[in-house]
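There are 2 protein chains.
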Amino acid sequence: MLGLMQQHPLLISSMITFADRHHGGTEIVSATVEGALAKTGAKHRYTYREAHIRAKRLANALIGLGIAPSDRVGTLAWNGYRHFELYFGVSGMGAILHTINPRLFPDQISWIANHAEDKVLFFDLSFVGLVEKLAPHLNCKAYVLMTDEAHMPAQSSLPNLLCYETLLAAASPDYAWPVFDENTASSMCYTSGTTGNPKGALYSHRSTVLHVYGAAMPDALCLSSRDAVMPVVPMFHANAWSLAYACPAVGAKLVLPGMSLDGKSVYELMESEKVTFSAGVPTVWLGLLQHVDGNGLRFSSLNRTVIGGSACPPAIINRFKDQYNVDVLHAWGMTEMSPLGTVGTLKAKHDGLPIEKQRETLYKQGHAIFGVDMKIVDDTGAELPWDGKAFGDLHVQGPWVTSGYYKRDGETVLIDGWFPTGDVATIDPDGYMQITDRSKDVIKSGGEWISSIDIENLAMSHPAVAEAACIAMAHPKWDERPLLVVVKKAGQEISRDEMLAFFGGKIAKWWIPDDVVFVNELPHTATGKLQKLKLREQFKGHVPA
Amino acid sequence: MLGLMQQHPLLISSMITFADRHHGGTEIVSATVEGALAKTGAKHRYTYREAHIRAKRLANALIGLGIAPSDRVGTLAWNGYRHFELYFGVSGMGAILHTINPRLFPDQISWIANHAEDKVLFFDLSFVGLVEKLAPHLNCKAYVLMTDEAHMPAQSSLPNLLCYETLLAAASPDYAWPVFDENTASSMCYTSGTTGNPKGALYSHRSTVLHVYGAAMPDALCLSSRDAVMPVVPMFHANAWSLAYACPAVGAKLVLPGMSLDGKSVYELMESEKVTFSAGVPTVWLGLLQHVDGNGLRFSSLNRTVIGGSACPPAIINRFKDQYNVDVLHAWGMTEMSPLGTVGTLKAKHDGLPIEKQRETLYKQGHAIFGVDMKIVDDTGAELPWDGKAFGDLHVQGPWVTSGYYKRDGETVLIDGWFPTGDVATIDPDGYMQITDRSKDVIKSGGEWISSIDIENLAMSHPAVAEAACIAMAHPKWDERPLLVVVKKAGQEISRDEMLAFFGGKIAKWWIPDDVVFVNELPHTATGKLQKLKLREQFKGHVPA
Numbered sequence: 001m002l003g004l005m006q007q008h009p010l011l012i013s014s015m016i017t018f019a020d021r022h023h024g025g026t027e028i029v030s031a032t033v034e035g036a037l038a039k040t041g042a043k044h045r046y047t048y049r050e051a052h053i054r055a056k057r058l059a060n061a062l063i064g065l066g067i068a069p070s071d072r073v074g075t076l077a078w079n080g081y082r083h084f085e086l087y088f089g090v091s092g093m094g095a096i097l098h099t100i101n102p103r104l105f106p107d108q109i110s111w112i113a114n115h116a117e118d119k120v121l122f123f124d125l126s127f128v129g130l131v132e133k134l135a136p137h138l139n140c141k142a143y144v145l146m147t148d149e150a151h152m153p154a155q156s157s158l159p160n161l162l163c164y165e166t167l168l169a170a171a172s173p174d175y176a177w178p179v180f181d182e183n184t185a186s187s188m189c190y191t192s193g194t195t196g197n198p199k200g201a202l203y204s205h206r207s208t209v210l211h212v213y214g215a216a217m218p219d220a221l222c223l224s225s226r227d228a229v230m231p232v233v234p235m236f237h238a239n240a241w242s243l244a245y246a247c248p249a250v251g252a253k254l255v256l257p258g259m260s261l262d263g264k265s266v267y268e269l270m271e272s273e274k275v276t277f278s279a280g281v282p283t284v285w286l287g288l289l290q291h292v293d294g295n296g297l298r299f300s301s302l303n304r305t306v307i308g309g310s311a312c313p314p315a316i317i318n319r320f321k322d323q324y325n326v327d328v329l330h331a332w333g334m335t336e337m338s339p340l341g342t343v344g345t346l347k348a349k350h351d352g353l354p355i356e357k358q359r360e361t362l363y364k365q366g367h368a369i370f371g372v373d374m375k376i377v378d379d380t381g382a383e384l385p386w387d388g389k390a391f392g393d394l395h396v397q398g399p400w401v402t403s404g405y406y407k408r409d410g411e412t413v414l415i416d417g418w419f420p421t422g423d424v425a426t427i428d429p430d431g432y433m434q435i436t437d438r439s440k441d442v443i444k445s446g447g448e449w450i451s452s453i454d455i456e457n458l459a460m461s462h463p464a465v466a467e468a469a470c471i472a473m474a475h476p477k478w479d480e481r482p483l484l485v486v487v488k489k490a491g492q493e494i495s496r497d498e499m500l501a502f503f504g505g506k507i508a509k510w511w512i513p514d515d516v517v518f519v520n521e522l523p524h525t526a527t528g529k530l531q532k533l534k535l536r537e538q539f540k541g542h543v544p545a
Numbered sequence: 001m002l003g004l005m006q007q008h009p010l011l012i013s014s015m016i017t018f019a020d021r022h023h024g025g026t027e028i029v030s031a032t033v034e035g036a037l038a039k040t041g042a043k044h045r046y047t048y049r050e051a052h053i054r055a056k057r058l059a060n061a062l063i064g065l066g067i068a069p070s071d072r073v074g075t076l077a078w079n080g081y082r083h084f085e086l087y088f089g090v091s092g093m094g095a096i097l098h099t100i101n102p103r104l105f106p107d108q109i110s111w112i113a114n115h116a117e118d119k120v121l122f123f124d125l126s127f128v129g130l131v132e133k134l135a136p137h138l139n140c141k142a143y144v145l146m147t148d149e150a151h152m153p154a155q156s157s158l159p160n161l162l163c164y165e166t167l168l169a170a171a172s173p174d175y176a177w178p179v180f181d182e183n184t185a186s187s188m189c190y191t192s193g194t195t196g197n198p199k200g201a202l203y204s205h206r207s208t209v210l211h212v213y214g215a216a217m218p219d220a221l222c223l224s225s226r227d228a229v230m231p232v233v234p235m236f237h238a239n240a241w242s243l244a245y246a247c248p249a250v251g252a253k254l255v256l257p258g259m260s261l262d263g264k265s266v267y268e269l270m271e272s273e274k275v276t277f278s279a280g281v282p283t284v285w286l287g288l289l290q291h292v293d294g295n296g297l298r299f300s301s302l303n304r305t306v307i308g309g310s311a312c313p314p315a316i317i318n319r320f321k322d323q324y325n326v327d328v329l330h331a332w333g334m335t336e337m338s339p340l341g342t343v344g345t346l347k348a349k350h351d352g353l354p355i356e357k358q359r360e361t362l363y364k365q366g367h368a369i370f371g372v373d374m375k376i377v378d379d380t381g382a383e384l385p386w387d388g389k390a391f392g393d394l395h396v397q398g399p400w401v402t403s404g405y406y407k408r409d410g411e412t413v414l415i416d417g418w419f420p421t422g423d424v425a426t427i428d429p430d431g432y433m434q435i436t437d438r439s440k441d442v443i444k445s446g447g448e449w450i451s452s453i454d455i456e457n458l459a460m461s462h463p464a465v466a467e468a469a470c471i472a473m474a475h476p477k478w479d480e481r482p483l484l485v486v487v488k489k490a491g492q493e494i495s496r497d498e499m500l501a502f503f504g505g506k507i508a509k510w511w512i513p514d515d516v517v518f519v520n521e522l523p524h525t526a527t528g529k530l531q532k533l534k535l536r537e538q539f540k541g542h543v544p545a
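Going down the list, the sequences are from chains A and B. In terms of the working numbering, the first sequence is residues 1 to 545. In terms of the working numbering, the second sequence is residues 1 to 545.
Misleading hints may appear alongside valid ones.
In this list, chains with the same sequence are indistinguishable; a pair is considered to hold if it fits within one copy or across any two.
Claimed, not checked - Straight-line distance between alpha carbons at most 35 Å, and here's what the computed DSBU-like set of lysine-lysine pairs gives:
hint	residue 1	residue 2
1	K133	K39
2	K133	K444
3	K321	K274
4	K133	K264
5	K440	K43
6	K43	K357
7	K264	K43
Don't read these hints as lab results, they were simulated from the structure. Because the structure is a prediction, the values reported are computed rather than measured.
Put together the whole structure using the sequences plus the hints.
Rendered as structure tokens:
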């Protein structure tokens, strides 16, 4: 027997419609990216009601450009109001929004745009040069510059170059969002590993709306109509961690920082727009804290920020709380998870614990949002205990988790219905997860696992160490043993034996690396990830001293 | 093109599974309803992990009783841990949980149980006498008393009377929750109007899970794993406003008050279990405030409470805030809405407003939760403006709103896809809704509507008035005109002309009733609702003085 409740598919258009009807006067404020204006710090501001009208104009304009349901529409854009309109105009009319990371190498961008078969590419003014270089390798039928006529370039090599504002002005605001299967693809985002071609996560309307509900919950990002939210995390990166969707769904003010993500710009925008909540990767917050510290400033409205993308150093969490009374939510997720999986909030049981005990919990990546399940497994796939000590491959499950990648039909991605994250983690009895390694970086010594991240963090806590990487080297008896590769701080000295002695008493004896080598720099990817695979190749034949 | 995200139907079993895995150590504490124990204030406590095991035993026991998917299982029970187990054991295995209000007249209960075709009835010890009286009129194949062997009655007229604990002890805890269509019916609740037979709202797994996401949001009930939640609203009333589901889904501690809902019992349980959040109808809070006021007590953990079911008098909202710093969330919903529609939280724009301005907003029933849309329409179905003044029939829409009633297939319930709530309301430009009347009670004078509730509230603010009802009387020129029916306070006097003069300057002149009559008492239903229909009949031929 079926229930007798109304059938409304979960659609992305419902979020902008809701914001219009129930929070129509709430603002979206954007730092402008347009030439001289950008330099003056000029801001664009309008309401959800106005954004909705423009999203509908955009939908009509897309139809005019020949975009049909399920066609891919690419973007190369910063966090701004026109990008926001694309989030709803493109997906709302049934096409697929493909946000591209402009920081990738041009070859990767054209590979991705061609693999996705983007029909039209929307891009910000700052990417004109890049897109002109890419265009000969792309198959787009139109290029839309996200600006007004006044800022269009006098000349350009781009074929069929259109002006966003001109397109919108010519399109009717009368448009009824179509109603269709909630499992329809809504948007896509490619994830680039350190090896192989990028892989496209293909989100659905259902997964996106359910993820918004999960993200807004008090134990996740706790988003409400009392918030002014500034996503520093880019809208080209895993849907800005849901914020471009979740803010209209809860009626939060949205503050979009454009391209200037230095500490001063971020701080001034936060203060002038009374931002209560922000989101980004650790490096952004380092810059912000430096600016605030260096100038004796305070946060007058910011009360919490979510940090993810990579593990957040405890020092950042503590500085935010101790010096500025800002709560850091330490979060973990993946492009393949829409992206949120866990968020580090305390439970009632932590009330009254000494602050240091509370912090031990907050340094972890948090507990799962309702909708996400997770487990850790050993090499044989057997589930490991949640004791905070055992660590294994982290697998996840849920309605906003990837089941496969775009155009890789033959590939088996899931293991028994679970998505293997490629991370290695512990989970404690209260469900708090902590990443200890990437699966491919973990060191397997005598059948037991050693966390390369733990060893690197420890090494980096030595005052003479600027950066450290711990990799596996082959060993005749133990299969693998850890090798530590260190970059010294300028003007600092430390010897191999001093480094090794530093580990004494701090980790299990058999975790201590067999050797230390010093190098001038470590290899990184375009997005700043340590290339351990390259290091492994480099030190393949290394023989310990 | 479909998205490539995992397919997991939204099922009620996922909430107890989630609580077990991610908040397994969090407690459910119940006031016991068992004889001598109840009098001592003894409490039962266990964890979500243990509750999950017992819910799985219950599922096996139900199968043993011959319960098949979609069979209805009735309950007559207070808020307690065994009722909680039924919420998950019954729906989780695919059957339909039918919670029955034991405060209805016995005739109504047997009509409802028979209409639902309940196969088994689970009931608390306090209802043995009631169920013995009902049984000859029912078609249940078993009666399960929710207690242990020690508390089973020595003798009973009930055929096939079983003991809950004995059933569970005999059932295996090994059970895998089945996976099925999320639109499958999960539970039902009858709503009794003032006329006609009760009507059954039939919830689905999908509607229930989506409603939980909506209910947990910061602008709704803001539920988290830091909360200890006490639903005073009964679990037989619209799913205890989602709390029996939402608490496991967010990992909140659940405190179930059993049958003692007097101020002292509620207060002592709140304090001993460090309750942070509670929920109930206005009368419960009046009793609680009386106890707390009268004994010079304080709330040491309670920080907010949701009040709904009927409009909450501003005085209660203010007393909670001014005297005890407890925020009242004024909410509105219906059994047909799972039940939450709107919740009264402030938006960022209210920050810094004078407290009296903020309160004007908080006295309204709140703004819509994402997932619910609403509109007000006039007699012709045309949508009315959101100006806070125009009032019309309130219609709602959303995935947790009823589309029809159980076994009333031929009936058209929706109007253009919207559910007519039977309430009359205003909506202001910020989306805050305020109920002004029931549709059937509104007075239509010269084509314009007059709010009977506004007039009654005003009349009741006169010190000599105990209760007042404003009804329509026929009028040759204006179609209808208001008549005020008043019960005086004991020992107080007020004349017709004094009463009418009291309205002067307080409402529009044409809203002032044409006449006032004084009576000794007003007619009410079994659940305490004013029976205006009866009054209308009584004063059908009334001629104004």
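Hint by hint, here is what the structure shows:
no.: 1; hint: K133 to K39; verdict: within (25 Å within a copy, 81 Å between copies)
no.: 2; hint: K133 to K444; verdict: neither (45 Å within a copy, 70 Å between copies)
no.: 3; hint: K321 to K274; verdict: both (19 Å within a copy, 26 Å between copies)
no.: 4; hint: K133 to K264; verdict: within (32 Å within a copy, 76 Å between copies)
no.: 5; hint: K440 to K43; verdict: neither (44 Å within a copy, 51 Å between copies)
no.: 6; hint: K43 to K357; verdict: between (43 Å within a copy, 30 Å between copies)
no.: 7; hint: K264 to K43; verdict: within (16 Å within a copy, 56 Å between copies)
Consistency with the previously given hints fails for numbers 2, 5, ordered from lowest to highest.
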